[in-house]
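Based on the provided sequences and hints, a complete structural model is requested.
Number of protein chains: 2
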Amino acid sequence: MSRKKQNDRLIYLPLGGAGEIGMNAYVYGYGAPGKEKLIVVDLGVTFPDMDTTPGVDLILPDIDWLVKRKADIEGIFITHAHEDHVGAIGHFWEDLGAPVYARPFTANIARRKLQEHGHPENVVTVVDVYPQVIDCGALKVSYLPISHSIPESAGLMIDTPEGRILHSGDFKIDLTPGVGDPFNHALWEEVSKDGVKALVCDSTNVFSMEPGRSESTIGPAIADMMRAADGMVVATTFASNIARLRTLAQAAVEAGRSVCLLGRSMQRMTEAAKETGLLTDFPPTISPEDALNVPRESLMLLVTGSQGERRAASAQLAQGKYLGLSMKEGDTFLFSSKTIPGNERGVIRIMNMFSELGVDVIDDAGGKYHVSGHANRPDLITLHEITKPQILIPMHGEHRHLREHVKLGNERGLTGVVAVNGMMIDLSGNQPTVAEYIETGRTYLDGSVQVGQFDGIVRDRIRMALNGQIVVTLIIDEQDEPLGDPWVELSGLAETGRSNASLVEAIEEDLSQFVNRAKPKTLRDDVALEKELKQIARRTAQSEIGKKPEVMVIVSRLS
Amino acid sequence: MSRKKQNDRLIYLPLGGAGEIGMNAYVYGYGAPGKEKLIVVDLGVTFPDMDTTPGVDLILPDIDWLVKRKADIEGIFITHAHEDHVGAIGHFWEDLGAPVYARPFTANIARRKLQEHGHPENVVTVVDVYPQVIDCGALKVSYLPISHSIPESAGLMIDTPEGRILHSGDFKIDLTPGVGDPFNHALWEEVSKDGVKALVCDSTNVFSMEPGRSESTIGPAIADMMRAADGMVVATTFASNIARLRTLAQAAVEAGRSVCLLGRSMQRMTEAAKETGLLTDFPPTISPEDALNVPRESLMLLVTGSQGERRAASAQLAQGKYLGLSMKEGDTFLFSSKTIPGNERGVIRIMNMFSELGVDVIDDAGGKYHVSGHANRPDLITLHEITKPQILIPMHGEHRHLREHVKLGNERGLTGVVAVNGMMIDLSGNQPTVAEYIETGRTYLDGSVQVGQFDGIVRDRIRMALNGQIVVTLIIDEQDEPLGDPWVELSGLAETGRSNASLVEAIEEDLSQFVNRAKPKTLRDDVALEKELKQIARRTAQSEIGKKPEVMVIVSRLS
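Quick note, the sequences are listed as chains A and B, same order. For the first sequence, position 172 matches number 172 in our numbering, and the numbering has no gaps at all. For the second sequence, position 23 matches number 23 in our numbering, and the numbering has no gaps at all.
If you're looking for bench data, these hints aren't it; they were derived computationally from the structure. Be aware that one or more of the hints could be misleading.
Because identical chains share one entry, a pair is satisfied inside a single copy or across any pair of copies.
PhoX-like cross-link-like pairs, simulated, lysine-lysine; straight-line CA separation at most 25 angstroms [as the list claims (entries may be wrong)]:
id: 1; residue 1: LYS321; residue 2: LYS140
id: 2; residue 1: LYS407; residue 2: LYS328
id: 3; residue 1: LYS531; residue 2: LYS521
id: 4; residue 1: LYS368; residue 2: LYS407
id: 5; residue 1: LYS274; residue 2: LYS521
id: 6; residue 1: LYS519; residue 2: LYS321
id: 7; residue 1: LYS35; residue 2: LYS5
id: 8; residue 1: LYS338; residue 2: LYS368
This is the structure we're talking about:
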């Protein structure tokens with residue numbers, strides 16, 4: 001153990017994932033205030049939606065605070081290979097420059113991401129699990145295997161001069177997960193027996209009241225379904241859920257079907273699993289070309305697109321063909337997945353497209369063909385009871401999940417704290433206190449550039465989408481006189497308004513009237529002129545079509 | 001009965017609601033092909049979303065076909081007062097010009113809508129239920145009371161020379177609905193006993209496997225919850241669900257709480273219910289001003305906004321205050337409602353805002369505080385068995401619901417047909433046949449004007465939202481020479497690109513280079529010039545920021 005200096009403190013700071021589901025990024029630190037040595041746990045992303053982030057490609061955490069503290073970062077620890085935990089590593093590694101630690105499968109995925117951004121593979125160090133220790137000065141980190149819906153998930157044991165922190169990572173309690181580590185009661189008991197300062201714990205399923213079910217419970221039902229199906233069966237799940245791919249593939253083989261994997265991430269994930277020795281008892285698969293020659297009733301396709309993504313294999317099959325394969329009357333499509341809130345419309349869209357093709361769609365409504373990868377409420381209690389922490393800090397969840405998780409702990413005598421993104425918690429004393437509020441937020445990857453959440457760029461797009469746009473151009477000559485009339489173009493607006501006249505003409509007429517009567521002083525003043533033209537254009541649009549469009553005014557001066 | 005002429009046919013044509021949930025509009029007709037006398041059943045709307053219809057105010061069915069047949073329309077029959085059945089009446093009545101029939105409560109709501117559009121009240125005829133008959137020539141229509149989640153819902157009995165059609169309307173089988181008509185087995189048996197040609201039947205809940213539950217089953221649980229709650233209780237549900245308002249209000253009174261209604265549609269609906277004598281055993285309510293003086297633990301607010309709507313009372317309470325009332329730590333918010341697919345993000349958003357205030361949020365996850373207004377699968381079977389139709393025509397549902405409903409019928413020996421919007425079914429013979437495919441679709445109310453789904457207006461808005469916009473202006477003088485350089489403005493795009501230079505300047509430079517080298521022929525040709533400028537702007541943007549924006553080119557010629 002490092003020697004404790006006076007004033008040194010132990011901090012926890014979530015930069016993402018605390019107050020939302022997705023985009024996990026947590027910081028722990030130890031040292032003098034403002035000079036703590038830091039470790040980063042996970043660097044995830046979240047996904048845009050049309051409502052709030054149209055046109056954005058990816059959402060990353062705002063890591064400005066970390067970048068300023070770059071010199072203090074001792075390591076980046078990735079708990080598992082889900083996008084919301086590892087997805088930002090390629091985008092941010094250069095800004096942080098610290099070594100990256102991960103278990104082999106996670107490291108394989110992280111390296112692919114780093115390579116895509118031109119970073120060397122060797123920034124990732126493959127770690128073994130506990131009892132191996134990664135020494136980051138005052139903080140000593142070990143990987144604790146834990147079950148989740150992707151192989152080689154881990155919690156972290158972080159030993160500090162203030163005591164031991166257990167960071168659960170995303171987890172469930174599954175004793176028979178198929179692929180990956182079963183939940184190891186003995187291990188978690190062992191690391192907890194000398195006292196746990198804080199348990200930082202997954203919260204996503206705190207509102208799920210039933211104990212979670214094991215991956216192993218769904219295989220038989222899936223095999224029955226596949227046996228009973230007349231035609232081709234197509235199943236989708238998250239490609240990273242290697243255990244589920246195996247469950248589905250084994251069920252297919254039991255039902256006498258050949259298995260074919262479709263979709264880019266399906267290829268990428270199984271490749272990574274193969275490279276790290278995780279696909280040992282995975283049934284053989286056939287290529288899409290070979291699948292074309294297999295009778296439909298002897299075929300199962302395993303495809304990407306469980307969330308209704310527009311370009312995934314599932315959507316392409318719904319629209320017609322994918323690599324020559326197509327679905328028809330009598331075939332069955334299985335969603336072995338949960339629809340993430342917000343994706344319902346996309347999923348329902350492809351369900352109806354399948355329905356139009358005569359394909360029977362089976363989803364998880366009956367609870368037979370999918371189990372969650374996260375700990376439900378009773379399983380959270382189990383981890384609380386095993387670890388008996390001094391402090392419970394819920395992470396990975398919306399505000400309502402974190403709050404409920406604290407309440408759950410309180411009911412059973414645990415001290416808990418709701419710590420949301422940007423809230424730096426000082427864990428040094430007996431009671432957690434808020435040390436500081438850090439400005440956090442989201443960074444948008446937009447095309448190839450990063451833009452800030454509050455730069456106004458996305459706001460402008462949303463406004464154009466809601467209100468449409470008018471572009472007004474006006475030429476002013478060398479004598480500050482209008483040269484010709486103002487010119488109007490519309491985008492995303494009705495051409496004809498209430499008066500049954502052309503909207504363009506109506507606006508142009510009102511603008512011309514103004515320009516022809518405007519005082520020389522106004523015509524010389526760009527700001528005043530633009531303001532007036534904008535107001536008139538909006539007013540006329542409001543009266544003609546009942547909308548107030550965005551207006552861009554371009555005054556060209558010949559001078 | 002009218003005399004049957006040779007060639008006369010009986011048709012069914014859905015224009016909305018068949019292939020979607022919402023926007024119900026069905027047509028029945030009898031007569032010589034192309035000359036049938038018609039009745040319209042329901043004229044509903046559906047609601048826009050950011051993904052597909054940004055900025056749109058309301059979505060209406062495309063009734064072009066009906067407008068062309070205006071002279072043949074004998075009547076418009078509204079089954080009940082939900083927006084997706086009556087919402088378009090004000091917008092379309094002038095185009096159709098036929099008398100409108102409805103039961104008193106529905107008529108009250110329909111009249112309000114007609115008044116908003118300046119149409120006379122007396123176009124609505126209040127009808128009594130069966131055995132009253134509205135004579136529309138060959139078609140004779142009676143209202144059959146049926147239980148649903150709004151008062152005075154009805155199915156229709158339509159007698160035709162080809163036999164009797166039963167149109168279920170939206171319904172559930174509820175023997176104790178609180179407000180409104182209990183399901184009347186005897187009545188439906190009576191009207192079915194002489195044979196039913198076709199049952200046109202609600203399909204929305206065909207995937208719900210359990211029998212539906214009665215409105216009367218949830219009151220006790222709600223009262224218990226309200227008694228147990230420490231602080232103020234706020235409950236939300238659809239304002240039109242008068243029975244639920246009563247259930248909630250009575251539970252509040254049982255729990256010793258005063259009841260206050262908040263939100264415009266809450267006022268409008270209870271007003272309509274009062275005017276039509278439906279609020280007879282509704283507990284007394286207090287005004288928002290009086291509510292301010294009631295201790296929180298003795299108060300229940302009944303508010304609008306069960307779907308997370310941004311301007312509803314629920315959202316305003318989540319943000320802070322509404323009419324001086326506010327929620328705080330220890331209060332409880334109850335969603336006595338189901339979240340309609342697609343609205344999850346909005347609902348979750350306000351749940352988290354409440355969580356931040358320390359308010360406990362209760363939703364229907366446990367199934368204790370809400371029951372559906374639609375017939376579940378076993379209840380659909382009940383109606384099939386009572387009515388024993390020759391033909392089952394599922395209506396009101398997405399394609400997957402209609403298809404499943406037909407399968408359900410087939411399993412039990414019924415002939416069924418999936419008839420989606422625009423599919424005109426000839427019911428004259430023994431087997432239903434598709435007579436014609438009518439072009440249908442959606443009309444968007446955008447501000448104060450109606451625009452077509454395929455006019456490209458909304459598509460342009462979506463493109464601006466996804467891609468951002470570049471506006472290029474260029475002045476060409478009298479000699480067809482560029483006057484100055486091209487000018488670029490951005491909207492919704494990053495200001496700085498990959499080269500770390502201003503994106504505007506990078507594009508302007510590339511455009512200037514082109515313009516200065518362009519041949520006189522190109523400079524004289526608007527189409528060619530615009531095409532080139534557009535391509536260059538997109539190419540430069542793609543290389544600088546990795547996006548291909550929308551480009552508007554405005555060439556001004558001084559001539």
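Each hint, compared with the structure:
1. Taking identical chains as interchangeable, the C-alpha atoms of LYS321 and LYS140 are never at most 25 angstroms apart, the minima being 52 angstroms within one chain and 48 angstroms between chains.
2. Only between protomers do LYS407 and LYS328 lie at most 25 angstroms apart by alpha-carbon distance; the minimum there is 16 angstroms, versus 50 angstroms within a single protomer.
3. Taking the closest pair of Cα atoms, LYS531 and LYS521 come within 25 angstroms of each other only inside a single copy of the chain (14 angstroms); across copies the shortest separation is 38 angstroms, beyond that limit.
4. With identical chains, the CA atoms of LYS368 and LYS407 are at most 25 angstroms apart between copies only, with a shortest distance of 22 angstroms across copies and 31 angstroms within one.
5. In the homo-oligomer, the alpha carbons of LYS274 and LYS521 never lie at most 25 angstroms apart, since the shortest distance is 75 angstroms inside one protomer and 61 angstroms across protomers.
6. Within a single copy, LYS519 and LYS321 get their C-alpha atoms no closer than 65 angstroms, and across copies no closer than 46 angstroms, so neither meets the 25 angstroms cut-off.
7. In this assembly of identical chains, LYS35 and LYS5 lie within 25 angstroms of each other by CA distance solely inside one copy; the values are 13 angstroms within and 94 angstroms between copies.
8. Both within a single protomer and between protomers do LYS338 and LYS368 lie at most 25 angstroms apart by alpha-carbon distance, with minima of 12 angstroms and 23 angstroms respectively.
Going down the numbered hints, you'll see the structure goes against 1, 5, 6, while the others check out.
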